[in-house]
Structures are given as structure tokens and as C-alpha cells.
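Colleague: One letter stands for each residue in the lines below.
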Amino acid sequence: MAVNNTETMTINMGPQHPSTHGVLQLILELDGEIVVKATPHIGFLHRGIEKLSEHRTYHQTIPLTDRLDYLAPMSNNLGYVLAVEKLLGMTDEIPERVQRIRVIMAELTRLKSHLVWLACHALDIGAMTVFLYCFRERENITDIYEKVSGARMTSNYFRVGGLSADLPDGLEQEIRTFAESMPAHIEEYEGLLTGNRIWQKRTIGVGKISAEAAIDIGITGPALRASGVDWDLRRDNPYSGYEDYDFEVPVREGCDTFDRYKVRLDEMRQASRIILQALDKLKPGPILADCPKIVLPNKQDVVNNIESLIHHFKIVTEGFKPEPGEIYQSVEAPKGELGFYLISDGSSHPFRMKIRPPSFVNLQGLPQMVEGRLLADVIAVIGTLDIVLGEIDR
Amino acid sequence: MITVNHYLLLSAFLFAIGTFGVLTRKNAIVIFMCIEVMLNSVNLTFIALSRHVGNMDGQIFVFFVMTVAAAEAAVGLALMIAFFRNKDSIDTDDFNMLKW
Amino acid sequence: MGVEQSKTLGSGFITTSLDKLVNWSRASSMWPLTFGLACCAIEMMATGAARFDLDRMGIIFRASPRQADVIIIAGTVTKKMVPVIKTVYEQMPEPKYVIAMGACASSGGIFDTYSTVQGVDEFLPVDVYIPGCPPRPEGLLYGLMKLQDKIRAERNTFGAAIGVGDVIHNEA
Amino acid sequence: MTPEVLTLSETPWLFTAAMLIKVIVAFVVTLLIVAYATYAERKIIGRMQTRLGPTMTGPMGLLQPIADGLKLFFKEDIIPSQAHWFAFIIAPIMILAPAFLSIVVIPFGADFQFTYDGTLYAVPLQITDLNIGVLFILAMAGLGVYGIVLAGLASNSKYSLLGGIRSTAQMISYELAAGLSIVAIFMLSETLSMRGIVAAQQGPLWGLESLSFLPNWFIFSQPLAFLLFIVGSMAEINRTPFDLPEAETELVSGFCTEYSAMKYALFFMAEYANMITVSAIAATLFFGGWAGPFYGWINFLLKVFAFMFFFIWIRATFPRLRYDQLMFLGWKVMLPAALVNIVITGIAILLW
Amino acid sequence: MLDTYLPILVVMGIAFAFAIGSVFLSRLIGVKKPSEVKLAPYECGMPLIGSAQERFSIKFYIIAMLFILFDIEAVFLYPWAIMFKRLGVFGFVEMGVFIIILLVGFIYVWKKGALEWE
Amino acid sequence: MEAILFYLTALVAIVSAVFVTQCRNPINSALNLITTFLCLAVFYVMLESPFMAAIQIMVYAGAIMVLIVFVIMLLNLGLAVKTRYTHGLAGGGVLAAIILLLANYFIRAGEATGTGGEITSEVIAKYGHTELIGRAMFVDFLLPFEIASILLLVAIVGAVILSKREV
Amino acid sequence: MSDQKIVEKLKAKFSSEVLDVVVYRGETTVTVKKEQIVDICTFMRDKLGYNLLCDLCGVDYMGKEPRFMVVYNLYNITTKQRIRIKAPVTEEDASIDTVSTVWGTANWHERECWDLMGITFNNHPDLRRILMPADWEGHPLRKDYPLQGPDREPYQGRLS
Amino acid sequence: MFKEFAKGLSITLKHLLPGNSTTVAYPKQKLEMSPRFRGLHRLVPTQHREKCVACYLCPTVCPAKCITVVSAENDKGEKYPEVYTIDMLRCIFCGYCVEACPVEAIEMTSAYELANFKREDFDFTKERLLRS
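Residue numbers (the working numbering), protein chains in the order written: chain A, 1 to 394; chain B, 1001 to 1100; chain C, 2001 to 2172; chain D, 3001 to 3352; chain E, 4001 to 4118; chain F, 5001 to 5167; chain G, 6001 to 6160; chain H, 7001 to 7132.
It is possible that some hints are incorrect.
[Unchecked claim] Away from chain D, derived, C-beta distances all over 12 Å, residues of chain C:
{"hint": "1", "residue": "2022"}
{"hint": "2", "residue": "2052"}
{"hint": "3", "residue": "2054"}
{"hint": "4", "residue": "2064"}
{"hint": "5", "residue": "2079"}
{"hint": "6", "residue": "2095"}
{"hint": "7", "residue": "2121"}
{"hint": "8", "residue": "2125"}
{"hint": "9", "residue": "2168"}
[Unchecked claim] Pairs of lysine to aspartate or glutamate, EDC-like flavour, derived with a Cα cap of 16 Å:
{"hint": "10", "chain 1": "D", "residue 1": "3332", "chain 2": "E", "residue 2": "4036"}
{"hint": "11", "chain 1": "G", "residue 1": "6033", "chain 2": "G", "residue 2": "6065"}
{"hint": "12", "chain 1": "A", "residue 1": "314", "chain 2": "A", "residue 2": "301"}
{"hint": "13", "chain 1": "C", "residue 1": "2086", "chain 2": "E", "residue 2": "4116"}
{"hint": "14", "chain 1": "G", "residue 1": "6064", "chain 2": "G", "residue 2": "6046"}
{"hint": "15", "chain 1": "A", "residue 1": "281", "chain 2": "A", "residue 2": "230"}
{"hint": "16", "chain 1": "G", "residue 1": "6143", "chain 2": "G", "residue 2": "6020"}
{"hint": "17", "chain 1": "H", "residue 1": "7118", "chain 2": "C", "residue 2": "2138"}
{"hint": "18", "chain 1": "C", "residue 1": "2079", "chain 2": "G", "residue 2": "6065"}
{"hint": "19", "chain 1": "G", "residue 1": "6064", "chain 2": "A", "residue 2": "345"}
{"hint": "20", "chain 1": "H", "residue 1": "7003", "chain 2": "A", "residue 2": "301"}
{"hint": "21", "chain 1": "A", "residue 1": "147", "chain 2": "H", "residue 2": "7104"}
{"hint": "22", "chain 1": "H", "residue 1": "7118", "chain 2": "C", "residue 2": "2127"}
{"hint": "23", "chain 1": "A", "residue 1": "299", "chain 2": "H", "residue 2": "7004"}
{"hint": "24", "chain 1": "H", "residue 1": "7051", "chain 2": "H", "residue 2": "7107"}
{"hint": "25", "chain 1": "A", "residue 1": "208", "chain 2": "A", "residue 2": "190"}
{"hint": "26", "chain 1": "A", "residue 1": "147", "chain 2": "A", "residue 2": "174"}
{"hint": "27", "chain 1": "F", "residue 1": "5126", "chain 2": "D", "residue 2": "3117"}
{"hint": "28", "chain 1": "H", "residue 1": "7076", "chain 2": "H", "residue 2": "7107"}
{"hint": "29", "chain 1": "H", "residue 1": "7007", "chain 2": "A", "residue 2": "169"}
{"hint": "30", "chain 1": "G", "residue 1": "6080", "chain 2": "A", "residue 2": "230"}
{"hint": "31", "chain 1": "G", "residue 1": "6086", "chain 2": "G", "residue 2": "6065"}
{"hint": "32", "chain 1": "G", "residue 1": "6033", "chain 2": "G", "residue 2": "6020"}
{"hint": "33", "chain 1": "G", "residue 1": "6011", "chain 2": "G", "residue 2": "6039"}
{"hint": "34", "chain 1": "E", "residue 1": "4033", "chain 2": "C", "residue 2": "2121"}
{"hint": "35", "chain 1": "A", "residue 1": "299", "chain 2": "H", "residue 2": "7032"}
{"hint": "36", "chain 1": "A", "residue 1": "281", "chain 2": "A", "residue 2": "54"}
{"hint": "37", "chain 1": "C", "residue 1": "2079", "chain 2": "G", "residue 2": "6039"}
{"hint": "38", "chain 1": "H", "residue 1": "7118", "chain 2": "C", "residue 2": "2122"}
{"hint": "39", "chain 1": "E", "residue 1": "4032", "chain 2": "C", "residue 2": "2149"}
{"hint": "40", "chain 1": "G", "residue 1": "6080", "chain 2": "A", "residue 2": "236"}
If you're looking for bench data, these hints aren't it; they were derived computationally from the structure.
Just so you know, even glycine gets a beta-carbon here, dropped at the ideal spot from N, CA and C.
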């Protein structure tokens, strides 16, 4: 019989496990119920998106970014598109309507991502009804996605220099109705969770990480803000016209799972506020920048205008070619700072695209948060970190 | 008709089996279980005789035997665990206090 | 599946009714394994959620492969993941079915790269493919109904259950 | 004319027939409720979650439990090679049989009277009335623990082992709390017989005519005991929010991770059978058993169903406790509270 | 005696017959295609790390041990409870002493931290 | 009827007791021991002591054996197969046989006497076994009852000290 | 403090280390020698307040000399400024000191960089493969590594 | 504490009341797709032939490389696709082919019921695409 004097046992959580949110593998060393050591193993979903993008044109890379953080496709689209626009030096040429629609969609995406996060987090802790309620609202957002882009998840909606299509008729009202109804729904989730003693017991004081440790690990987004660091890229390094909106950045000092939960819920409230403001400011206008070498011409022009036809063929077959250089552009994705580091060598393909996925970095904090805690806390902490393996493994 | 003698004989059987187990087995937990068999055979005797005599005292005694058995189980098994943590074995051969 | 007729229970009224009963129970209670890989897993969750509600069809997700009947490969299968999927699939009890959900699981899809397996059918017997990236929940539901059709069309299921011959798969 | 009670020695055939009928009816009804409790749970939780629940298997999905059962029956049965096969097989049996056995002592109606051969006989609507009825149930609950211990131990899988150990510790802790909480009931009823306890709850509340609109159910005299009993028994039968042993999100399926086919179905059935038993005990001990406005057993079934609905409702609403919190609640809150309740009841009885 | 206990035997027989019968029938029929991997323990699809033969925390043991001792207390309480009205104050004091002595043990365990999990 | 039940149960009890001593695997021993306990509970019922039967199951089968199985589980002895015997098989067998023979001799030699206590079947039926136990326990056996609590206290303290000890 | 001043400070401290400073689209990139990278990073963090290492990655300029470049994207949470530091790494000696002692986050980034790019990080606490299986051969993000892996042809559409 | 429990319980109970179900009973009830929904492709026919002129823009722009086109000339000297196959299993329904087509010869329908049993079933040849 195998003899070991340490009173720990090693268990393997994942990759096929209901609460590792995909294919994360955690190797836990347990002493009774207490986690002595947690080692995350990732890479089970490594699809080589960075390498693949070097073999696709800038245009063809947009659908790849959909599949990074598949809970928030438009945020990834936005980050990538902004990065390419910066590389091309056309950031200032984006029409106002495009900026507004991008903000609306990005904030809807934030809601969408946070809804899935809350759903899974609640399910992990055992409140299965919240899961269903969250998905009920998420369906509304996927409906909006479908109406605007044609797909429920992998939207592929933003284009370099604009959008693939304008908002369809009547959608503005639908978005408005939804954004107005959202706070009431959030109340409902809070009614089931926030005041509940069991929920509080499960989350307060669990998975603490101090601000210094969080910055050292590089944790960003709501997880950092719950540790008391007041930093939000939308406000501090604004992009897409975020400086026009009046919103608060929720910050809490508790550093624990409960505060991360509260921060995200407050963010959802703020997101619906931003959506409403952006809808108010939305004016008719072009949905593509006036850069015939970069954006695809109007279909009608292609048929009627030989010059447009030539542009069309050129852009489709060769793509545009940014001048050599390198840029780093980041956006405040629902999970934290999503950065794109793009290097161009003057060809129509990215020479190197490095994605800075927020979850990848946030996950690194997991061992610190769970060691010395109980097995059940591991679940709560994974849930609260809001990881998506798609962007961790890329 | 089942008389008290039947019960006494049965409990004698059980007691003998228990004794045999205690004497021959090596595994401390099994020895412990054999002791429980012996205790139970005694309990059976008590109850059978108590009914035979028409007095509750024997049954009350069984009550206390159970209490003692529980206490014994708690402490005995704790000892066994403590021993096992030292020696990685619960063989009686390894019960050697001087080495402990 | 070239199984000789002699190895079945025959095609009498009773055996076919029993087959039908067995097939009905299997088709009405397909429990998939909770096994999400990537994007499609979210649509799988959405299918299980209130709008589409897999529970209507008697489908509830089971976390342990021992209790699952169907494995829905929902997402990209990487080379690192292959042994895991194989093991999990192996550990499911017979009869078991495989659904390849989405382009990645069916064929590798857009990810024609060094780390991705070009379709889960390279190592698992896939019963139903569902194209889409990811498929709509209705697409998944349609795929599940296709699988139900396939299960309903099986013959000699009762015979196979009591140890006479093998299940004969018909083209639905 | 006072009715005769059937005895084995005087009217053997009549006694046997009555007994067999009662046994079979009770068993079949329990099985049916078990099967349809799963259906009802899926329906009710589904509705609470703004979805429909089973609809496509048979009319309104009514055949769903049957399809599930049949399917599991025809599944491959896996016994892991490293498992201890005897314990592995015996475990689900050990958990189901005590669950069904507990229904033996539960009274589900007043006496049924009939005339045979000119004599008026009375048959109590209860399979058997033990004068240690409650102890019998507690003993069976104690035996039920083995099923889980053995399942965890025999599977030779870490999840099972961890789930098994967890749930054993949980079950015994709460068995104690639930067992102690009902001591106060016995102090009031002065009997351990379930039928006796129901009889003790007849009449107006506390024997006061001014309160005659309320029945003398023990829920009014022992609200704390009721709370402790309900929480304790919910934990003992592993229902949410105490479903840690099979907490899917932590331990896959806990102690039944390695179980497939019919053996898994037995675990599943045992959970619901236990739920029925607990509901029935709660109805008997605290809600006057079969007493009520309707005909005996209808009242009883209604009360049982109400409790089961409550359990399902709780499951739809609450998150799950953590292990240390569970133990904290069991040992540091419920156990002392039960003892305090006994003392208070004692003082109250002495002063009354 | 038999009047009251025979039904229990009958139910026991039916319950066990049902449980054993369904397990064995299902085992008898039902496909059997064992393979090495299928019969290996489930570990989220990964190869085994260590074995299930590892040991557990002693805290679980303390819980079980405490359960035994308090179960005995409960067993003493049942006959006392039904005799309570007849025993009167005397019985109350008697059991009070008993419970207090046990509570001392309980408080000891509590203070020793045997009920703590972290 | 009663005799058949007695002999059947006795057979099961003896066979399972033998298995307790003979099983290689402690888990099987434990399962057999539970069977023995259940058989004894049946005997207690036949001896018109249902309360004793109930606590036999509750205490022995429901608590002590749970603890033993738990320890087997904690130490993971369940699947470990070890050498079975330590001391001389023959010696143990001879001693057990001597005990058996002696007991047999005494039981068969003497007549059971001393009947005529006040607790008869009728009394049990009238008052109930639990009440009788309660009366005897809390009136006649007051002191042992209180001492039992001290025994339990000592057991608690001892077990906690033993198991909490850092080794 | 403008980017320019920061670069000046850096130059003042490590005058011999700074190879090149580029400003492109408003982003400052400083190329430094790899030998004192840990000191430079510590200086950046402690004296200049770049407390967040946003990203660390390797770039393969195949055909150029030196072949690799390790890129550090830094961020100052207080002043909300970004700066980029690059350190060239040759193909023959594809190694650089780890900065995981400076920023804890570098740990996984460096593992990833080693895994995909094959750049060794000296003194790294746990330099294992992170994304690829442990027994994988080659470093996929290098330019000479085929997209489909060494043993497979790219998918060309199904001509059936 | 109990107040919050009661609040949670009341929320679930409120949803139990009839009329709160949001389920679309799929095979019987179907959702209406948005006009932009990107489902199965369709080759647009003109009077006697497909509209496609085999310009190879769609296979070029396709990120998944799932479109195979072989062009040929008919007797009138017009280019037409002799082979036009979409491997529907590879396709990620990104809509780039529709966007790229200069003559609007390909469009996306709202068909999503595409599941099938065999890999061969997903070779959508020109004939199938014209029919869909």
C-alpha cells in the first residue's frame, strides 16, 4: 500500500469539470477540505489564433477575435478594430455615429458577458435559478446582436473604419427598452443573492487579494476595482468617445468575492446608463470612414462605378497595407484590460499580433486567492474571476 | 419453544467466535470488531436472562455496556489513528511502545 | 453494420415492440455530459436555459460521464485535449452517442492550425454533425432531434440489451 | 359496538390480507410518488425558472420518469476495476432499502372499519404501529448512512471518496441535531409511537377552549423544534442548500460519481424516497398527521405534498452552503439550540 | 410480537427484493463492453494523479467520534423524555446534571478547535 | 414460527460473526459485523425488548460501526489486503473451543432458575418497554447514569487529545 | 511627466544600455540591451512608477539580426501612461533574464513566450510549457514553424 | 436574515405563476429570424443560370477557406462556376463571402436546421446551394 506521511491528497479538477468554466485544469492539493496548493494548467483550448492571424489579412482576422473571449465578442472586435485603426493612423477619421454605435454595442456586450458571469457564478455556488434568469436577459441581448449583425454570438460586426451595417430600423427603441428594463432585472438577481445569508457567507472574505498583490499579478478590470484600485480604461485612457459619457466607475475596498460581485453588478447598472446616453446622442450619419483604400465601398457603387469596383477587388483580394510600425491598443473589456499589440511590416497581414487577454493574467492570481481556503472557495473564486478559456489559451 | 438456554448457547457461540478472532487476527481494526462481537454476545446474555428473571436490571446494564462500548470505540479508534499516523500500519505486530 | 440476421432476436411483433420501447426510452431521456470546450458551450448553455429549455425533451446535463448518454463536443478540440476527450468518452456507459457541435468540432473550422484537431471524427464515432459557428440553439435542438430519429430507427436494441447480437443502425 | 382489532393469532387470514394490502398499497404509492416527485421537481423548478420543464415525453411530459427509468435500466452497468465490487453493489441497496423501510411506521389515516363475518373490525391505516416508532425511523436513518459511506469507499475514486466522507460527516451531524430536536415532542406526547403522537395532537390547542379554532398541533407548541427538525432533515437527506456531497460544481457527482445505470437510479430514488419520509414525519410530528378538514389520508398526502413542494421551492431559491459553514450550523447552532429547546420545554411543562 | 413486527419483515423483504432485483436485472441485461479506460476511476478525463488511497483529514474523524458520544446522550434522552412528566422536577435535575457534564465536554471540544474547519 | 425465526437468525448471526473474523478485507468484516448486530436486534425484539433493539441499531449499527467504517475509510484500509493471522491459529482455536465447551457444559448442566420477577410480558405490553427502561434507569440506576456522563466526558476529552496531537 | 522626460531619465540612468527610442502613433518604444533588463525594469517600476506590466511577448523577426525581440508593455496606473521596452535577443543565445521578480505577472507571460517562441528566461522559477502539451516539439509562433504544424498540409477546400 | 430568505422565496414563487414562461417550444413554435441572420448560403439564380461569375473573391476572402470555385466559360463566353462547393462543416458563417461578392450572387438565408449524420452530407455543391 502506498505510504505517504503527508496528510494531503491531490485531486484533479478539470478539464472536464462542471465548474472550471471550460477546459481549465486545476491540480489541488487538499488537506481535508483545505487547499494547500493550487496549480492551474491551461492550454487545452490553445487554437493558435496569434499564429493564424499572421496568415490572414487584417480584415480576415476580425472573425478570429470573435472567438477569443466568446462571451464578449464585440469587445474583442472593438479592441482589434481600434488597434488596426491606430496602426493605420485613422483613429480620428471614424464618424461619430460609428463611435456611438460601437459604444452601445460594447456596453451591451459588457452586460452580456457579466450576465453569463453572474449566471455561472451563481450556479457554481448553487443558486441555479439565477442562472436561468440571467440567460433570459442574455437572450434579449443575443436578439439585438442577431438583428444588428446576423449572428447571436460571433457577431463580426465592427469593421476597420466603421461597421458592417447600420442599425436596422426600430432597433434603437428595442435597445432602449432593454437598457431601461435592466436595472429592475438586476434588482431581481440581487433579491435572490445579495441579502441571502448563505450567499454572503459563501462570498464575503473569500478569495481576498490586496491591491498591491493584484497589481503585481497584473489583475485588471472589475477584479482590480474590487481591490480598491480606481482604474478604468474607458475613463482614464478613453477611446471611441467614452469621454462624452457620464458614468461612474464602481470601486470597492473589500478585495473579496462579494465585492467583485457587487462591482460587476454596479458595472451592469452603469452599462445600461451609458447605453441610454449613447442612444440619446445617436445622430444619423455615415457608418464608414471616408477612406476608399481601407473600407469596402458601397455595394451599389460597386455595380455602377468602375473605380469602386477596382477598390473592392483590391481590398478583398489584397487587403490594406499599413506602413511598418507597432502599436499597442487596449480597451476595457468586461473582464479587464484587453490589449492588442500589433506589428506591421508593410504587408496586408499582421506581422505579429499579440493579444493581452485579461483572463490569462487574472487567472494567475487564483493560487494566491485560494491557498489556505476551502475546496468550495476554489469554485467561488474561479467563478468570480470570470475567466474564459478562449482568450486564456487563444 | 425457544428457551433462555438457546439464547445462552448462541451467545456462547458468538463469544467464542469473537475470542477466536481477537486471538488470531493481526489487523487492529478487525480485532476491535471482534471485541464488539464479544461484547454483544454478553449483551444478548444479559437481555435473555433479564427477560427470564423478569427484572429490568439486566437491560439497564446493557445500556451501560453500550455506553462503554461507544466510549471505547471513540478512544480506541483515536488511538489507532494516532498509531497509524506514526507507523503507517495498524498491525498488532507493530504495536511496540518502546519504539513509538 | 454488417450484422447477420441470425444474430438478432428476429423481427417478430413482440421484439420490435420491445425495441421500440427501448428506443423510445433512450430517445426521450438523452442525458448529455456537461462538457463545454469553447464558444459552442455557451450556446449549449443557452439551449439549456429558459428560452429553449432542453428539459422539455427530457434532457438534463450530467456532470459525470458514468451517467451520461450523449457527449456533445461543443467547441474546438485541441491536440492537448484529445486524450481527455477520449478518456471521458470511453468512460461513458453503452449505448453512447456523440454530437459534434459547431464547425470546430466537426472539421476544425476556421482553426486550421498546428494545435487543433481537424474534426473530432478523427477519433470518435460522431453520430450527428451540427454546422454553424456556433450553431443557433435551435440548430442544436434540431441536431438532438436528428439523433432521436437515429435512435428510434435502431433495430435489435432489446436483443442487444439482453446479449443477443448487436444493435443495427439504420439510416434514418 | 367497539370494533375488534385484527390479530394474527385470532384471525390469521384476515390479518395477513389486510397487512399485505396495506404494504403493497403503501409501497406502490411511495414508488409512484418517488417517480413523479422527480417529474414534479423538474416541472416546478422549471416554472420557477421561467421555462417549461418536460413536455415532449408523453402528454405534458408525464412519461418522463418512466422513460428515464427504462433508459437507465437498459444502460451498461459499470463497475470500476479498482472498485471493491461487493460494497459497490451493496451501497445503492443499502441506501434505498432503509428509505423505504421508514414508511412502515408512518400512520396515514385513522382506523378503517369494516364488518366481516358479523364482526366489526378496525384496521389502523398504518402498516404497523410500533411503540418505538420514532426510534425505528431514527435507526433506519442511521443505517442509510452506510449506503453513502460504502459508495464513497468502494468506488476508489477521489471524488467519490471525498463526497462520501463529506456526506457521512454531514448526515451524522444532522441526524444528531434532528434526533435531539424531536425529543421535546416526546416530552409533550409521552410516547414514541407515531400513532400515539398523532393522538396527542387531537383536540384544541393546549386544551384551551378559547383556542379551539386552532388544532393542538405541535408546530404551535414547538416552533423551534420544527425549524430545527426541518433544517436538520433537509441536511440529512442532502437537499439544497445542504447538497454538498453531490455538489455538482465541486465534486462532479460526489459519492455517486462512478455509478451508472440502475445503481445510479437507486441513489436517485433514495433521495426522493427520503424526501417523502421526511415530509411524512414532519407532517406526523408537527402537523397532526392525518387530522384535517378532508378524509384522513387525503389530509396526510396533502401535507406531505406541501412539504415536498417546500423542499423543491427551497432548492430553486437558495445557494449552497460551504462545508465548514454546514458543520458550524450543525454543531454550534443546531445542537445547542436543540438542547436549549429541551430545557425550555422541560421548564414549561414543569410550570404548566 | 409477530403482530407488529411481521409487517416490517414483509416490507423489508419487498424493499430489498426491489432494490436487489432491479440492480441485478439491470446488471444481467444491459450491454457490457468493458475496457481498461472505462473501468478506470473517473478523474475529469486526466490520467490519475496519485491514487485514491490517500488519507484524509483527521477532522472528519473527530466529527464522527463526537457523533457517537452525543448519540449516546440522545439515546438516554428518549426514555427520559417520555417519562418526563412522570419524573417531574427530580428527572429534570437528573438529566440537567447529565447534560451539563456532557456540555462541559462539548465546550472543551469547541474551545480546542476541533469543530473549526479553517 | 418463532423457532424458525430464531434458528434462521441465529444461523445468520453465527455465520456473519465467523466472517467478521475471517474476511481479508476490513470492509467486509465491518459489513458482516453490521449483519450480526442486526440479527441481535431481531433477538432483542423476540425477547420483547424493542427499545433495546432500537438502540442496538442506533448505537451499534448506526454510530459505532459508522465510526469504524469511517476510520477504515480515513486510513484507506478498505482495499489493502494484508496477511491475516498473527498469533497461532491453533492456539486461538483451542482457546475458543475451550470457552465454547465450558459454556456449553454449564448451560446444559444447570436448570435456569430464579424466574418470577415482576416484569412479565403482560407488564411490558401494558406499560411499554421504553417506559419500563426509563423508570428503571432514572429511578433505580441514578448513580450509574450520572457516572455514564462522566465516562462520556472522559472519552470526549481523551479522543480529542489523542487525535488532535501533532505527530 | 511626458514620455520624453521619462526616456531622458532612463537614458540618464542607463546611458549605455539604451539602443534606440522610437515614437510612433504617439507611443514611445525604447530598445535596450538585454543584459541589464532586470535593473531597467526595476528602475521603471520603482522610480518611474510603471507598476503594471501589461504584456510581455516575443517577436520573431526571422532573417534579421538579432532575430528575436522581447517586448514589455508597461503602464503607470497613477499617471495612466504607457511605454514600451524592447530587448533584442539573438537566435544563438535565445535567452534573457526573467522579470518575474519585478512583476509577478511576468511569470506566465514568460512561460508562454518560452513555449511559443522558444526564448529562455534565466532564473525563471517555473519555466515549463504552458499552452502546448508538455511533450510538444518546436515553438509554434516562430516564423519557420508551419501554421498547420510540421506534419499536415493546409486545408484547401474540399474538392469532391 | 429571514426577511431576505422570504424575499428570495417570493421572487421564485412569483415566477411560478402562469404566464412567466419565456420558453419557445422549438419544433412547434419557431422564432422569426432577423433579416440579417447568417444561415445557410444560397446562390442566387438568374433566368437560366446562376448569377455567379466565378470571380474568386469569395474563396479569397473566406477566413476558413471553405469555398471551392472552379471557373469555366460557357459557349457565350461568360464565366461561370463549373464547381462551386461550400464545405458547410468548415464554414463559420461570417458573411464575408456575401460582403465580398461584387454581383450579389451569393446570399445567406435564415435556414439553420442543418444537422446531419455524415460528413459527406455537408458538401454543398452548386446545385444544392441554388436550391436552398
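Colleague: Hints numbered earlier in the text: which of these fail when held up against the supplied structure?
Modeller: 1, 2, 3, 4, 6, 10, 13, 14, 15, 16, 17, 18, 20, 21, 23, 25, 27, 28, 29, 34, 35, 36, 37, 39
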